[in-house]
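J.: Read off the chains here:
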Amino acid sequence: MDVPEGRGMIDSGATAFILVCTALVMLMTPGVGLFYGGLVRRKNLISMIALAFIAFALVSIQWVLFGYSLAFGSDIHGVIGGLEYALLQGVGMEGDGIPDLLFMVFQMVFAGLTLAIVTSGVAERIKISSFVVFALLWTTLVYDPLAHWAWGGGWAASMGALDFAGGTVVHISSGFSALALALVIGKRLGFGSQEMAPSNIPLVLLGGALLWFGWFGFNAGSALAADGLAASAFVATNVAAAAGALSWLCAAWIRGRPGSVGIISGAIAGLVAITPAAGFVDPMAAIPIGAAAGLVCYGALLFRVRHGWDESLDAWAIHGVGGIFGALATGVFAVAVIGGVDGLLYGNPGQLLIQAVDVAVVVAYAFGVTYILAKVIDAVMGLRVTEEEEYVGLDIAQHGESVRV
Amino acid sequence: MKMVTAVIRPEKFDPVRAALEADGINGMTVSEVMGRGAQKGISLQFRGKTMPVELIPKVKIEMVVPDADVDRVLRIVREHGRTGKPGDGRIFVLPVESICRVRTDQSDPSDP
Numbered sequence: 001m002d003v004p005e006g007r008g009m010i011d012s013g014a015t016a017f018i019l020v021c022t023a024l025v026m027l028m029t030p031g032v033g034l035f036y037g038g039l040v041r042r043k044n045l046i047s048m049i050a051l052a053f054i055a056f057a058l059v060s061i062q063w064v065l066f067g068y069s070l071a072f073g074s075d076i077h078g079v080i081g082g083l084e085y086a087l088l089q090g091v092g093m094e095g096d097g098i099p100d101l102l103f104m105v106f107q108m109v110f111a112g113l114t115l116a117i118v119t120s121g122v123a124e125r126i127k128i129s130s131f132v133v134f135a136l137l138w139t140t141l142v143y144d145p146l147a148h149w150a151w152g153g154g155w156a157a158s159m160g161a162l163d164f165a166g167g168t169v170v171h172i173s174s175g176f177s178a179l180a181l182a183l184v185i186g187k188r189l190g191f192g193s194q195e196m197a198p199s200n201i202p203l204v205l206l207g208g209a210l211l212w213f214g215w216f217g218f219n220a221g222s223a224l225a226a227d228g229l230a231a232s233a234f235v236a237t238n239v240a241a242a243a244g245a246l247s248w249l250c251a252a253w254i255r256g257r258p259g260s261v262g263i264i265s266g267a268i269a270g271l272v273a274i275t276p277a278a279g280f281v282d283p284m285a286a287i288p289i290g291a292a293a294g295l296v297c298y299g300a301l302l303f304r305v306r307h308g309w310d311e312s313l314d315a316w317a318i319h320g321v322g323g324i325f326g327a328l329a330t331g332v333f334a335v336a337v338i339g340g341v342d343g344l345l346y347g348n349p350g351q352l353l354i355q356a357v358d359v360a361v362v363v364a365y366a367f368g369v370t371y372i373l374a375k376v377i378d379a380v381m382g383l384r385v386t387e388e389e390e391y392v393g394l395d396i397a398q399h400g401e402s403v404r405v
Numbered sequence: 406m407k408m409v410t411a412v413i414r415p416e417k418f419d420p421v422r423a424a425l426e427a428d429g430i431n432g433m434t435v436s437e438v439m440g441r442g443a444q445k446g447i448s449l450q451f452r453g454k455t456m457p458v459e460l461i462p463k464v465k466i467e468m469v470v471p472d473a474d475v476d477r478v479l480r481i482v483r484e485h486g487r488t489g490k491p492g493d494g495r496i497f498v499l500p501v502e503s504i505c506r507v508r509t510d511q512s513d514p515s516d517p
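Residue numbers (the working numbering), protein chains in the order written: chain S, 1 to 405; chain H, 406 to 517.
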C-alpha cells in the first residue's frame, strides 16, 4: 500500500473505485459477525453479531479522533505516528490520487474488521462493558502501531517487509490476539464435556460469502488505484479462495465427510494467505498459496482442538496461522514484474528472511500486549460474565433479546 | 406400559441418551422445549436491578417402557442428568392405554 506521489491530483477513476472498495470491506465486519454467530450456540447468536457491530462503531469513532493519526501521522522512531491528523485536522478533500479523507476511511474499515475478528477469542462469555474498554485499548495499543509499522512509514516498511493488504496488520494480529484473550478469559462452561455444535450453518455460509465478496475490495482496493495491479490482486484473491476451499474440502473428506463449514473455512484460509501477497505475486501463484493455506489452517485447527484451547471460532487457526503462512509465502512467491520485489523463487532469499523477522515481531507484539491488556482488564473489571449469565446465554443476559425457537 | 417423560437440561441430553442406549433403551421422542419450575426461571442482576428470565430451554424425552423398566429409566436419567443445582428438571410417569403401530394394523400392548 504505497501512497501515490504527486500532491493535488485527484484521479476520478481511482476515487470511484476506492469508495466502492471501502463499502465492500465494511460489509466484511457484519460478515464476520454472521460467520461467528452461526458457529456458536443459539443462546449467543445475537451477541456475536452485536459484538461485530460494536467493534465497528467503536473503531469508527476512535479512528477519526486519533487512531488514524497514530497509524499514519508522521513517523516517530519507526514505532508510531504523530498526532497531527487527530480530529482529522489536515485530512481533507485534497490528496494524492485519491482524497485524503477517502484514504483515511478506507483504512478505517480495515481497523474495524480486525477488531471484529478478535471477538472469536471471547465468544459466548465476554462481559460487554469489559469488551468496550478492551476494544478501545486494543485498537489503540495493538492495531494502530501495527498499521503504522507496515503502511505508515514504520520500521517494518523501512526494512522492506511486504504486506500488501494486511497479512500481519489484520490477520496475524487478530488471530494471535484472539488466542491470548481466549487463554486469559478461560474455557466456556462445559467445554470438552458438552457438545457445542454450530447452531446455524446457513448463517455461517452467508457470513463467509460476505467475507469472500468483501475481500475483493480488501485486496484489489489495496492497490489504491483502479489499475492493472488492482485487477491482478482481484484475480489472485479469487484463485486463492477457491484453492483453499478445495484443499480443505479434500482434507476433511479424507478424514470423514466434507462439511460445508470446512469448505468456507478453507476459502477464508486461502483469502487470509493471499492478503499480504495479492499485489506481489503472479495470480497463478495463488493456487499453491491458497491450497497450502487450506491444509496448514486445517492442521492448525486440529492442533488447537488436541490442545483443548477454547478459541473455538478459530481466528487463531485461520487468521493467525494463515496470516503467518501468507506473509512467508509472499517472501517466496513475490515477483518483480507484479509488485517490484522478487522473492525466494526469483533469486532473492533475503526477502523471506525479512518476512520472517516481521512475522516474529508482530506475533510476539500482538500476543504479548493483548495478553497483558486482557489480564489487566480482567483484574480491574472482570472480563467474564457470571456463571448463571453464561448458562442462560449472552443474548438474554447482555442484550435482553433472544432468537425465537 | 408406562410413558416416562423426562424434562432435563439440554447439555445433559447426550450423556442421558448414551446411558439409556447402553442399557438397551433406544426408542424415544425428543423435543426442544422451554420451561420453568418452582423458582419461576432464574433472575440475573443487571446494573443492580433484578432481571427475571422466566423460561429456560430444556430437552423433553418421551419413552414408552414396560412397567418393570420404569425404575431403571428413572435411575439412569437421574444419575446422568443431575448437576445438583436448581433446574435439573422433572420426570413424569404416565400409564399407557395401548400402542398402535402405524406401519401395520397391529395393536400390541407390549409393543416396545
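Each hint should be verified, as a subset may be incorrect.
Said to hold, decoys possible - With a Cα cut of at most 30 Å, we get these calculated DSBU-like pairs of lysine-lysine: (1) H/454 to H/407; (2) H/465 to H/490; (3) H/490 to H/454; (4) H/445 to H/407; (5) H/490 to H/407; (6) H/454 to S/375; (7) S/187 to S/375; (8) S/187 to H/407; (9) S/187 to H/465; (10) S/375 to H/465.
Note that these hints are calculated values from the structure, not bench results.
Small disclaimer: the values here were computed from a predicted structure and weren't measured.
J.: Does each hint hold? Answer for all of them.
T.: Tested hints:
Simply put, residue 454 of chain H and residue 407 of chain H have alpha-carbon atoms about 45 Å apart, too far for the 30 Å limit, and the pair is violated. This hinted pair checks out: residue 465 of chain H and residue 490 of chain H have alpha carbons roughly 18 Å apart, not beyond 30 Å. Between residue 490 of chain H and residue 454 of chain H the alpha-carbon distance is near 23 Å, which keeps this suggested pair within the 30 Å criterion. Restraint check for residue 445 of chain H and residue 407 of chain H: the C-alpha separation of about 29 Å stays at or below 30 Å, so the hint holds.
For the hint linking residue 490 of chain H to residue 407 of chain H, the alpha-carbon distance of about 28 Å falls within 30 Å, and the restraint holds. Between residue 454 of chain H and residue 375 of chain S the CA atoms are separated by roughly 28 Å; this keeps the pair inside 30 Å, and the hint holds. The suggested pairing of residue 187 of chain S with residue 375 of chain S holds, with an alpha-carbon distance near 15 Å, which does not exceed 30 Å. Of the pairs offered as hints, the one joining residue 187 of chain S and residue 407 of chain H is violated, with about 41 Å between alpha carbons and a cut-off of 30 Å exceeded.
For the given pair, residue 187 of chain S sits about 28 Å from residue 465 of chain H by alpha-carbon distance, which is consistent with the 30 Å threshold. A distance of roughly 41 Å separates the Cα atoms of residue 375 of chain S and residue 465 of chain H; the hinted pair therefore is violated under the 30 Å criterion.
Violated hints, in rising order: 1, 8 and 10; the structure is consistent with all others.
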